[in-house]
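Asks: Starting from the known structure of chain A, fit chains B and C onto it as the hints suggest.
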Amino acid sequence: MKRVFSFLLAVSLMLTLTTFFVSASADSLPVIKIASVTPLSGSQAAMGEVIKNGIELAYKERIEEFAALGFDLQFAPQDDQADPKVGVSIAQRLIEDDEFLAVVGHWNSGVAIASSEVYNQGNLAMISPANTATEVTDRALPIVNRICARDDAQGPAGADFLYSLGLTTVFIIQDKTTYGQGVADEFKKRFEAIGGTVLGYEGITAGEADYSAVEEMIRATGAEAVYFGGIYPEGGLLIKQLAEKGIDVTFLGPDGLDSEELVNIAGDAVIGTYYTSTAAGVANTEKGAAFSAAYLEMFGNEPVGYAAYGYDAMSVTLNAIEAAIASNGGALPTREQVVEAARATSGYEGVATNITFNAIGDNIEAKVYILGFSEATYPAEVIKSIAVTEFLKD
Amino acid sequence: MQNLKKRIKAESEGFSFQDLQGKQRVYFIAGVLFIIAMPVWLLLDPGNSVAFVLFLLSLLVIQKMKLPTWIKIVIVAFDLVLVIPIVGQTSGTFARVATMVGIYAILSLGLNIVVGFTGLLNLGYAAFYAVGAYTYAIFASRQAGKFLSFGNFPLSGNWFWLFLLIALVVSGFVGFLLGLPVLRLKGDYLAIVTLGFAEIIRLLFNNMNSPINITNGPMGITPIQAPMLFNIRLNKPVDYYFIVLGLFLLTVLVIRNLQNSRIGRAWVAIREDELVARTMGVPVVRMKLLSFSIGAGLAGMMGVVFAAMQSYVDPTSFTFMESIIILCMVILGGSGNMQGVVIGALAVIVLQLQILKDVSNYLTQLATNGALNLPAWLNPAKYERLIFGLILVLMCIFRPNGISPEKRVLKIRQRLGFAPKDSGLPPLDAKEVK
Amino acid sequence: MNQLQTLVKIIPQLLSDGLTLGFVYAIVAIGYTMVYGILEFINFAHSELFMFGAFVGTEVLLLLKSMGILANMSPTLALIISLLVAMVMSGGLGVAVDRIAYKPVRSAPKLVPFISAIGVSFVLQDVVRMVEEAKNGNYYLYAPTLFTRRIQVAANMVIPEKTLYIVGLCLVMMAALTLFVNKNKWGKAMRAVAQDRDTARLMGINVDLVISMTFLIGAGMGGAAGTLFSVQYGSISPYSGFIIGMKAFTAAVFGGIGKIPGAMLGGILLGLIEVFGASFLGALTGGVFGSEYKDVLAFTILILILIFKPSGLLGKPQGEKV
Chain A
1 MKRVFSFLLA VSLMLTLTTF FVSASADSLP VIKIASVTPL SGSQAAMGEV IKNGIELAYK
61 ERIEEFAALG FDLQFAPQDD QADPKVGVSI AQRLIEDDEF LAVVGHWNSG VAIASSEVYN
121 QGNLAMISPA NTATEVTDRA LPIVNRICAR DDAQGPAGAD FLYSLGLTTV FIIQDKTTYG
181 QGVADEFKKR FEAIGGTVLG YEGITAGEAD YSAVEEMIRA TGAEAVYFGG IYPEGGLLIK
241 QLAEKGIDVT FLGPDGLDSE ELVNIAGDAV IGTYYTSTAA GVANTEKGAA FSAAYLEMFG
301 NEPVGYAAYG YDAMSVTLNA IEAAIASNGG ALPTREQVVE AARATSGYEG VATNITFNAI
361 GDNIEAKVYI LGFSEATYPA EVIKSIAVTE FLKD
Chain B
1 MQNLKKRIKA ESEGFSFQDL QGKQRVYFIA GVLFIIAMPV WLLLDPGNSV AFVLFLLSLL
61 VIQKMKLPTW IKIVIVAFDL VLVIPIVGQT SGTFARVATM VGIYAILSLG LNIVVGFTGL
121 LNLGYAAFYA VGAYTYAIFA SRQAGKFLSF GNFPLSGNWF WLFLLIALVV SGFVGFLLGL
181 PVLRLKGDYL AIVTLGFAEI IRLLFNNMNS PINITNGPMG ITPIQAPMLF NIRLNKPVDY
241 YFIVLGLFLL TVLVIRNLQN SRIGRAWVAI REDELVARTM GVPVVRMKLL SFSIGAGLAG
301 MMGVVFAAMQ SYVDPTSFTF MESIIILCMV ILGGSGNMQG VVIGALAVIV LQLQILKDVS
361 NYLTQLATNG ALNLPAWLNP AKYERLIFGL ILVLMCIFRP NGISPEKRVL KIRQRLGFAP
421 KDSGLPPLDA KEVK
Chain C
1 MNQLQTLVKI IPQLLSDGLT LGFVYAIVAI GYTMVYGILE FINFAHSELF MFGAFVGTEV
61 LLLLKSMGIL ANMSPTLALI ISLLVAMVMS GGLGVAVDRI AYKPVRSAPK LVPFISAIGV
121 SFVLQDVVRM VEEAKNGNYY LYAPTLFTRR IQVAANMVIP EKTLYIVGLC LVMMAALTLF
181 VNKNKWGKAM RAVAQDRDTA RLMGINVDLV ISMTFLIGAG MGGAAGTLFS VQYGSISPYS
241 GFIIGMKAFT AAVFGGIGKI PGAMLGGILL GLIEVFGASF LGALTGGVFG SEYKDVLAFT
301 ILILILIFKP SGLLGKPQGE KV
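One line per chain: the protein sequences are A, B and C, in this order. Residue 167 in the numbering used here sits at position 167 of the first sequence; the count goes up by one each step and never skips. Residue 396 in the numbering used here sits at position 396 of the second sequence; the count goes up by one each step and never skips. Residue 75 in the numbering used here sits at position 75 of the third sequence; the count goes up by one each step and never skips.
The following block holds chain A by itself, in its conformation from the complex:
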């Protein structure tokens, strides 16, 4: 016991000394902190990482701008591990630190929904680059905005496309998450409405590997196509296992499949798979090319997935903060002001998409893309691009 005691004392002394050193680096400029919250570990780390990179690029480009206005802009990336609990606990920490004025995140809709309840309690603005579930904005929280399309545009777009290929029977699988189940349900509604037949609807558990029962059920029903509401770790496995079993179906999924990992997992079986996405390659435009070059220089590889959306979301956030600073006479804005300014974003021309938020925070200028793999390489080819206004229910 004595040894433990002296050890404790020694440790306490060391820690005390360190805190003095660390806290002695206080700055004189008022601090504005922005957090990004995406999965940086786990099966979806690839997606979360590129979004964070996009956000970071936008941040680094504008540090000086904010310094000129008299503010020390800081960026705090967080890892929500694609787990709503972790998201909630991060959110609770964020709302308590007054220096945080905005959050850019998440990747998983389930995490976003749970976390945004907490952000709302703290009046912290949240701009989402990639959350597509309808419930994210349907709750009409003033703080939540998203720059990507919604699942009630993505699902129907997928259904229309599948039907247009002449495939009228489909078996639906979903991963039982808010996102997966949501988009699968939207697909189902539309597909049945336009005359298609849904031969089966099953849920699988994410994180498992044995889907043989569901796959055999697909074979038994003889469906021509499979719609999978879910993300690439499971999607890739399904594609691969279906091919190995010789079950010949056309596979269609939502933007959760939009990742290089899909090709890594499924290999050649990915040829002939389609997916809808709310993001697409940006290199074609001038702005996009400039962004790609800057991204390549900073991170060493081309931007993929939602990186450009992360960039745009952060840009919009920073613009909102600047607007709030201006309307506050150049002083540090309050969180409420940032929330208002964010919602008021209109006509912004971003790298990946143009952004105008409507009354509940949806981007009315968003688009849905349909992509397909003609070879086993990522990214897939864009086959169609549809404006969400086609699906808006006004």
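Simulated from the structure, these hints should not be mistaken for lab results. As the structure is a computational prediction, the values presented were derived from the model and not from experiment. Hints may contain errors.
As the list claims (entries may be wrong) - Simulated crosslink set (BS3-like; lysine-lysine; CA at most 27 Å straight-line):
| no. | chain 1 | residue 1 | chain 2 | residue 2 |
| --- | --- | --- | --- | --- |
| 1 | B | 186 | C | 110 |
| 2 | A | 85 | A | 33 |
| 3 | B | 357 | A | 85 |
| 4 | C | 9 | C | 103 |
| 5 | B | 146 | A | 85 |
| 6 | A | 384 | A | 189 |
| 7 | B | 186 | C | 309 |
| 8 | B | 236 | A | 85 |
| 9 | A | 384 | A | 287 |
| 10 | A | 384 | A | 188 |
| 11 | C | 110 | C | 188 |
| 12 | A | 33 | B | 236 |
| 13 | B | 357 | C | 135 |
| 14 | B | 146 | A | 188 |
| 15 | C | 110 | C | 309 |
Replies: Structure of chains B and C alone, referenced to chain A:
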């Protein structure tokens, strides 16, 4: 009450400062300074993580110090009733950590009744926790409205207090139902069955969202109403702390009484040698069921608090890892001993919630400022499992009877020269027998 | 009824899937049962030995692929190489775990080694995760496809070649083990130690060595099962071991813990129940319980079996000495 006073007085005597010599005096003085300095430092600088951790450690140290019991009680009361709430007003995070410690302390006490007192290995304790949490979550949110055609949901926070009782009963009943068929099983088999049962509960909650949506499946239930007292919303972290503190004191009182009653002694008898206990007329099955049910009920009650505090429940909060963490708190603290168990809870939560997260935040800060670039995989907050596992293995090898084992039983065994079968104590050394 | 009819058509496929899964469970279950037979101790970390073997085997395959050899090599050969490497390494790890974490607490009351095993399990999970994240940035590992051919066995029954190889290898391993335990000197020593440790010691058997051998073989088989699992399903994570381990332990108990034939029987039965259950649950319950309830089914069966036949299908009830 009289007994308590007498005991405190008795334990205070036989201590005097003069008895200590040399180095012992130094440690004693250092200890006293530590115990007094930490709360003071924390009060002066409430935002300081290091101060908070050391303050929590000081609570651990108090227990071990050779001081008159009444002084210890005063200091602990001061710490718990004054320092933490005051600090908690400024820093919600600290209040939340303190509350989590309280919740897990009660959970550990509950499991201790089953594992420590009665000697039944329950690997699925989180299931009862889940039942309580979901019971409140379903009715205190819009969830109930999705499958019930009557009633106005969410129920207001005023129902929170009633739900503490409801969950106690419901979870207790679930424990009873589980206990009925499985209490005949021996040791390892019982363990696996409780594990299987907990998995069943978790999977049920994960899948009961179609055809009727009862639990909303993996998407979880949110938001959940905070408790209300006389129509004042109690959803600041400090409020939860007081609720948990109150429940903790209540629990300790109840368990103390049980422990010293016939029921408590029956439990210990069952633990030491079931066959003999049965022969001596102890109603074994009834006692086992009681132990299971009470343990389950306590977990259910805490589930309600957890659900209200987090305002979000989903099945991933109630995995096997959760059950094991609680079990480890019981074992590490020294099963059978209430004090030890609470200490186990404190130690584990501080490590898991505070220290690891702080170190990792600190390192992340350094990385963002460009001072030190740590690769993503070396983030300490992710090593919780590793550290936890190492602690378990090391504790088992070096201190298998926990940090502070049940002294009463230890003394009895020493006097009788027994090497007991299935308790948490190691076999006897010849030297220790008088 | 229509749904049931469509399902009946695929029973042969379900059979092949169920048997594959069942054999994997059986091999893992054997590891649990061997250690329990000798030490009356549930090696909680066995699921992690399975997972470790899966990672080792998959990494070997990925290594072969990156060296460019995999495409030109016979897939059977590749599989056997990765299996052998996985078995050796898992076996070694099993022995090491025993020496470090179980041996020091051998004489302690039963709860203590159990907790120690849980600790080991956590440590292994995180270490593997650490290594994989450092290497690949992601702790999920995806196995390259080895067998792509399918064999037409009957009119509408097509079995992937993979299944035959996996089931075949499992049978070989089980046969080898049975021969070993029954005919070999070491096998006899293991059975002796399992029956009565002290008498075996008096008879001159080096009990510690026998215990180490048990861990070696049990863990080795677990590791082999891991590699086969990875090849069959294509993906493995540090947390895959836990659920497989629990089900395999269920199977071992199901068949009668401590008895190797019991573990084999229990494993195969459990695999079949799981696959058939997953497919038919939805049809049989009118959509109330779908395929996602298959684990609930497995655990419920475990609990029921233990209630009505506490020593398992092939086990004998043990009397208690007063």
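Asks: Does each hint hold? Answer for all of them.
Replies: Hint-by-hint comparison with the structure:
Between the alpha carbons of residue 186 of chain B and residue 110 of chain C the distance comes to roughly 12 Å, so the proposed pair stays at or under 27 Å and holds. A C-alpha spacing of about 23 Å is found between residue 85 of chain A and residue 33 of chain A, which places the hinted pair at or below 27 Å, so the restraint holds. Of the supplied pair hints, the one linking residue 357 of chain B and residue 85 of chain A holds, its CA atoms being roughly 15 Å apart against a limit of 27 Å. With a C-alpha separation of about 53 Å, the suggested pair residue 9 of chain C and residue 103 of chain C falls outside the 27 Å cut-off, and the hint is violated.
Proximity of residue 146 of chain B to residue 85 of chain A is assessed by CA-CA distance (about 23 Å); at most 27 Å being required, the pair is judged to hold. Taken as a hint, the residue 384 of chain A and residue 189 of chain A pair is honoured in the structure, with Cα atoms around 21 Å apart against an allowance of 27 Å. As the CA atoms of residue 186 of chain B and residue 309 of chain C are separated by approximately 13 Å, the hinted pair is consistent with the 27 Å bound. Taking the CA atoms of residue 236 of chain B and residue 85 of chain A, the gap is about 19 Å. The hint holds against a cut of 27 Å.
Distance check on the hinted pair: residue 384 of chain A and residue 287 of chain A sit about 21 Å apart at the alpha-carbon level, within 27 Å; holds. For the given pair, residue 384 of chain A sits about 21 Å from residue 188 of chain A by alpha-carbon distance, which is consistent with the 27 Å threshold. For the given pair, residue 110 of chain C sits about 26 Å from residue 188 of chain C by alpha-carbon distance, which is consistent with the 27 Å threshold. This hinted pair checks out: residue 33 of chain A and residue 236 of chain B have alpha carbons roughly 24 Å apart, not beyond 27 Å.
A distance of roughly 24 Å separates the Cα atoms of residue 357 of chain B and residue 135 of chain C; the hinted pair therefore holds under the 27 Å criterion. Using a Cα cut-off of 27 Å, the hinted pair residue 146 of chain B and residue 188 of chain A holds, with the two alpha carbons roughly 21 Å apart. Taking the CA atoms of residue 110 of chain C and residue 309 of chain C, the gap is near 23 Å; set against the 27 Å cutoff, the hint holds.
In summary, the structure is inconsistent with hint 4 from the numbered list given earlier, while agreeing with all the others.
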